[in-house]
Amino acid sequence: MAHTGGFVLVVGAGGSLLAACGGDDDAGDGDGDGDDSSGSSGTIPLARLDAPVELPDNDSSPIDSGLDPESGTLTIFTYADYINPDSIAAFEEQYGVTVELATFDTEARLLSGLQTTAYDLVVGATTIGLPRFVVGNLVQPLNRDYLTNFANVLPSLQSPYYDVGSRYSVPYTVYTTGLAYRRDVIDDAAIAATGWETMWDPANRGYVGIIDDPRDALTLGMYRLGITDTNTDDPDVIGQARDAIAELITTTNARIDILAYQKIPEGTSRINQAWSGDMLAAQYYLPEDTDVDVLGYWAPERTTVANDFFVIPADSEHPVLAHHFIDFLSDPDNATLNFEWVGYQPALADPTPEALVTAELVPSQLTTALVTDEQVENGYRLDALAPEVQKLWEDAFQQVKAG
Amino acid sequence: MADTARRRDRQGLWAALTLPGTIWLIVFFIVPFYAIAAVAFGGFDPILLAPEPTWNPLRWSFGAAREVIDSIFGGPLQPVFLRTFLYVGIAMSLCFLIGYPVAYYVARRAGRWRTLLLVCMVVPFWVSYLMRMLAWVNLLNPQGGWASDALNAVGAPTFFRWFGLSDGSEVWFGQPVTVISGLVYGYLPFFILPLYASLDRIDQRLLEASRDLGASPAETFRRVTLPLSVPGILAAAVITALPMFGDYYTNTILSGSPRTEMIGNQIESLTRTIEPQRGSVLVLVLSALLFGLMAYYLRITIRTGREANEARA
Amino acid sequence: MKDTVRPPWDRSRTLAVLTWAYVIWSLVPVVIAIAFSFNDGRSRSTWQGFSTRWWTGSEGSLLDSDDLRQAIINSLVLAIVTIVVATPLGVALAIGLSRWRSRAASGSNVVMLVPLVTPEIVLGASFFIVFTQLYTAVELGRPAQIVGHITFTLSFVVVIVRSRLASIGTTLQEAARDLGATPRQALRLVILPQLWPAIIASIVIVFATSIDDFVVSSFLSGPGSDTVPMRIYNQARGGATPALNAMASMMLFVTIGAIALALGALAVARKRSGGRAAAVEDFTGFSV
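Residue numbers (my numbering), protein chains in the order written: chain R, 2 to 404; chain W, 24 to 336; chain G, 3 to 290.
It is worth saying that the hints were derived from the structure and are not from the lab. Please note that the accuracy of each hint is not assured.
[Stated by the list, open to error] In silico EDC-like cross-links for lysine to aspartate or glutamate, where the CA-CA straight-line distance does not exceed 20 Å:
| id | chain 1 | residue 1 | chain 2 | residue 2 |
| --- | --- | --- | --- | --- |
| 1 | R | K392 | R | D235 |
| 2 | R | K392 | R | D213 |
| 3 | R | K392 | R | D244 |
| 4 | R | K392 | W | D223 |
| 5 | R | K392 | W | D93 |
| 6 | R | K392 | W | E75 |
| 7 | R | K392 | R | D189 |
| 8 | R | K392 | W | D68 |
| 9 | R | K392 | R | E94 |
| 10 | R | K392 | R | D234 |
| 11 | R | K392 | R | D146 |
[What the hints assert, rightly or not] Which residues of chain G face chain W? A partial, calculated answer using Cβ under 7 Å:
| id | residue |
| --- | --- |
| 12 | I26 |
| 13 | G43 |
| 14 | A94 |
| 15 | L99 |
| 16 | N111 |
| 17 | V132 |
| 18 | V149 |
| 19 | Y235 |
| 20 | N236 |
| 21 | A250 |
| 22 | M252 |
| 23 | V256 |
Built from N, CA and C at the ideal position, the CB exists for glycine as well.
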């Protein structure tokens with residue numbers, strides 16, 4: 002590895018070189034006292050399903066109407082494998098531009114990435130981060146004039162509780178959190194009977210995975226305990242959830258990542274906490290000799306429901322083009338093409354889930370992974386938290402990760 | 024006069040040559056270290072969950088640092104630190120047990136195979152580290168990976184369970200023994216080469232003298248070769264231990280389980296997410312730890328160097 | 003004869019067996035990984051017959067995948083720019099440091115060595131912090147990666163060139179001066195020509211280090227700047243295809259090609275400068 006190579010050089014060139022830096026001992030040490038380290042204060046609006054919020058103005062203004070899309074490169078910040086390369090190619094061709102992808106794998110990396118790099122468009126932001134993006138002036142208000150397909154957005158999400166009037170966001174996908182499993186190892190009936198508890202079954206030891214996200218991972222622990230306040234600020238509840246996940250890791254040696262859509266088809270995982278879209282995508286990652294029948298997805302009637310959305314960063318250099326990209330993927334045909342590869346259900350009225358099944362894009366046993374209106378209405382939401390509460394969740398998850 | 028001027032001119036040239044590189048290192052090496060401290064002891068924006076570095080040391084606050092230190096002693100970070108020391112300790116011992124005989128053989132006993140062996144030992148330097156890890160990811164795949172199948176066939180999981188380095192499962196990913204073996208596999212070439220160089224440098228006449236004075240081969244090895252190779256062993260140990268302490272990719276790629284989480288993994292995940300402050304504190308803690316190791320090593324090297332000189336005189 | 007003195011365990015063939023076992027253990031997995039890039043199936047662990055489909059000519063193969071091709075291009079561009087900047091910077095620093103006598107020189111002597119003994123994660127994290135908090139003008143992505151790579155490879159150049167300078171000594175340079183050459187002329191006509199082997203060795207080391215680097219590249223990555231090691235890291239754990247093996251193998255071949263090229267150049271340079279030390283010495287820093 003790079004550095005060891007360097008060390009070898011040092012020694013090889015005669016041990017004296019190492020001695021040359023003997024005088025240097027300026028390592029910082031981390032102890033000390035004083036406890037006042039909070040920075041600027043401020044509040045973020047905390048939307049809840051029963052307490053919708055209209056997000057405030059920030060320092061950015063929407064782009065003017067009637068502008069031509071920029072040329073050049075559109076830089077999109079998104080999850081890995083979250084936009085169909087064919088859809089991107091089609092967009093590139095239609096607009097004569099190139100699209101470049103940068104990926105994040107956790108909400109936290111999205112937030113820090115937005116502050117360190119100027120991206121043109123974010124695909125995959127959620128309610129957890131949105132108010133911070135707005136108050137922190139990281140995103141700009143959208144101009145609806147460019148969004149000709151906005152009427153196609155699911156009616157329930159046209160003016161969502163987290164962004165009343167859709168000022169800053171346009172829904173992209175909708176999904177539930179459930180359990181992805183191998184049907185050749187775990188029985189449908191068995192998982193329906195034991196539910197979340199199946200995750201803790203030591204029989205699957207070594208083949209278990211949970212989502213690398215503090216909110217999703219810890220709510221799994223809560224569901225097991227019968228707790229459904231997914232936005233809780235109670236340290237005891239968070240502590241119990243943490244202990245439940247710690248137990249899961251002890252009993253099953255569960256791994257923490259967001260690779261269920263690859264690991265379940267590959268067989269290196271047998272049961273994973275997963276987003277429904279991951280299981281619909283999993284069929285495209287199956288080894289050649291494995292039947293699509295092995296993929297299963299279970300979620301109870303009431304579970305975590307979320308929708309990801311598009312936002313345009315405040316420092317986007319191609320804001321008009323970014324609007325066009327949003328509009329492009331909100332078109333029914335383009336959305337269907339995108340779904341064929343991504344597997345995440347578009348948050349659109351057209352195509353309907355039935356249409357996706359009819360088009361044979363959803364294996365019959367995986368209709369459980371399609372989000373129904375009922376689930377959306379009854380779903381538990383993961384919403385933004387006050388900073389000190391957010392820290393409770395983050396700390397608890399970091400403790401879990403420390404083993 | 025002319026001579027002085029010429030010397031000054033020459034010194035000026037040398038100084039000018041030194042300047043760009045030195046400035047580069049100050050701007051891009053020293054300052055980043057300072058930036059780590061400014062973040063570790065600085066403020067924090069609760070909305071953006073982003074650090075607000077404090078550049079003036081007089082205004083540093085140590086709340087985050089204290090939190091991390093507390094967590095290392097008796098808190099959730101304690102197992103991470105202990106585990107890191109354990110893994111590196113075992114990996115280093117294995118490096119020594121495998122590396123010393125190999126280096127010794129190539130340096131002293133390989134005969135006509137020497138050149139070929141030397142080439143074989145240099146080759147891993149030119150194979151990307153991650154490619155070598157990728158090779159093991161494939162071999163250990165629970166779905167028909169060759170190494171995985173072979174190891175399970177001979178009951179290796181049970182064997183490693185005795186040592187507490189595996190839970191006995193036939194899935195090798197996520198087991199301590201896998202991470203430790205990965206570290207040994209990855210860093211052993213870097214252990215062997217410097218050791219080889221030092222063994223090769225031992226004056227043959229000393230060994231002959233020892234024999235002439237009536238020492239048995241075993242005695243000669245114990246009383247001449249081994250002591251003379253101590254600096255080489257230490258050099259090799261530092262070369263491999265330092266990067267092992269900061270390693271996180273070997274662990275992630277071969278395990279990904281919280282049960283094998285090491286210091287490097289915590290630094291990596293904290294620094295790049297919304298907790299760079301704590302990540303920075305950990306970077307400082309790790310640097311302090313390793314500088315201690317360096318200082319210890321340097322003392323020994325200097326001393327053995329002096330002793331060797333005296334012995335020669 | 004080296005065979006005269008033996009350690010206690012050398013009664014049998016134990017040592018030889020152990021050594022050859024080590025060689026096999028260290029090399030065979032890599033050979034297998036290369037072999038699997040020619041697998042005629044999606045698996046990276048079950049052999050399904052020979053094919054070049056993951057190299058070229060099918061969807062998702064190395065040459066048909068923009069992503070994988072881009073990673074190779076990124077790695078090469080990064081390595082080449084790093085060489086172009088780090089080598090002259092390092093050679094100048096080495097010459098300056100070895101001839102300039104002053105407090106400042108001994109200071110930068112120490113500073114220069116520290117990157118060599120700093121674990122990569124410490125470098126990576128501090129680079130990341132400084133580029134996101136202070137040098138925000140340098141964009142994360144290729145620009146930051148280049149700066150990072152130059153910083154940590156600079157020291158290798160200095161160490162290699164300095165050990166060469168030490169073995170050259172100052173005699174010729176002083177003779178040149180006595181014959182009336184200016185310091186600049188002495189530098190150009192006497193020192194540099196003798197440094198060629200070390201410079202070539204530096205270039206190879208910088209190239210290999212940069213190509214191999216994962217940590218710094220990853221901490222400083224931005225949009226579209228994934229390098230080959232980053233791709234391997236990100237994909238090895240999931241459902242990657244043998245195209246990943248093909249990409250890794252391709253990089254290995256490129257590296258070996260570059261070294262062969264450099265060895266050739268080195269042989270020429272050695273002939274010209276009259277050096278007789280083995281190539282391995284310049285390449286790994288060991289006296290063999």
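Comparing the hints with the structure gives:
1. Straight-line distance between C-alpha atoms of R/K392 and R/D235 comes to about 12 Å, which keeps the hinted pair within the 20 Å bound.
2. Restraint check: the Cα-Cα separation between R/K392 and R/D213 comes to about 16 Å, which is no more than 20 Å; the hinted pair holds.
3. With a C-alpha separation of about 17 Å, the suggested pair R/K392 and R/D244 falls inside the 20 Å cut-off, and the hint holds.
4. Of the pairs offered as hints, the one joining R/K392 and W/D223 is violated, with about 56 Å between alpha carbons and a cut-off of 20 Å exceeded.
5. A hinted pair counts as satisfied when its Cα atoms are at most 20 Å apart, and R/K392 with W/D93 qualifies at roughly 17 Å.
6. Proposed proximity of R/K392 and W/E75 is supported: the alpha carbons are some 17 Å apart, at most 20 Å.
7. Under the criterion of a C-alpha separation no larger than 20 Å, the hint pairing R/K392 with R/D189 is inconsistent with the structure, at around 37 Å.
8. A distance of roughly 12 Å separates the Cα atoms of R/K392 and W/D68; the hinted pair therefore holds under the 20 Å criterion.
9. A threshold of 20 Å between alpha carbons decides the hint, and for R/K392 with R/E94 the separation of about 44 Å lies outside it, so the pair is violated.
10. For the hint pairing R/K392 with R/D234, the CA-to-CA distance comes to about 10 Å; that is within 20 Å, so the pair holds.
11. Among the hinted pairs, R/K392 with R/D146 is inconsistent with the structure: their alpha-carbon atoms are about 39 Å apart, more than 20 Å.
12. Annotation: interface hint on G/I26 violated; nearest CB of chain W at approximately 9 Å, more than 7 Å.
13. The closest approach between the C-beta of G/G43 and any C-beta of chain W is roughly 11 Å, which is over the 7 Å cut-off, so the hint fails.
14. At its closest, the beta carbon of G/A94 sits 4 Å from a beta carbon of chain W; the interface hint therefore holds under the 7 Å criterion.
15. A cut of 7 Å between beta carbons decides the hint on G/L99: the least distance to chain W is about 6 Å, and the hint holds.
16. For G/N111, the interface hint is violated, since its Cβ never comes within 7 Å of a Cβ in chain W; the closest pair sits about 9 Å apart.
17. For G/V132, the interface hint holds, since its Cβ comes within 7 Å of a Cβ in chain W; the closest pair sits about 4 Å apart.
18. Because the smallest distance between the Cβ of G/V149 and any Cβ of chain W comes to about 6 Å, under 7 Å, the interface hint for this residue holds.
19. The restraint placing G/Y235 at the interface with chain W holds, with a minimum CB-CB distance near 6 Å, inside the 7 Å limit.
20. With its C-beta approaching chain W no nearer than about 10 Å, G/N236 sits outside the 7 Å limit, and its interface hint is violated.
21. A distance limit of 7 Å between C-beta atoms decides the matter here; for G/A250 the minimum to chain W is near 4 Å, and the interface restraint holds.
22. Proximity of G/M252 to chain W is violated relative to the hint, the smallest CB-CB distance being about 10 Å (cut-off 7 Å).
23. This hint is violated: G/V256 has a C-beta 10 Å from the nearest C-beta of chain W, more than the 7 Å allowed.
Violated hints, listed in ascending order, are 4, 7, 9, 11, 12, 13, 16, 20, 22, 23; each of the other numbered hints is respected by the structure.
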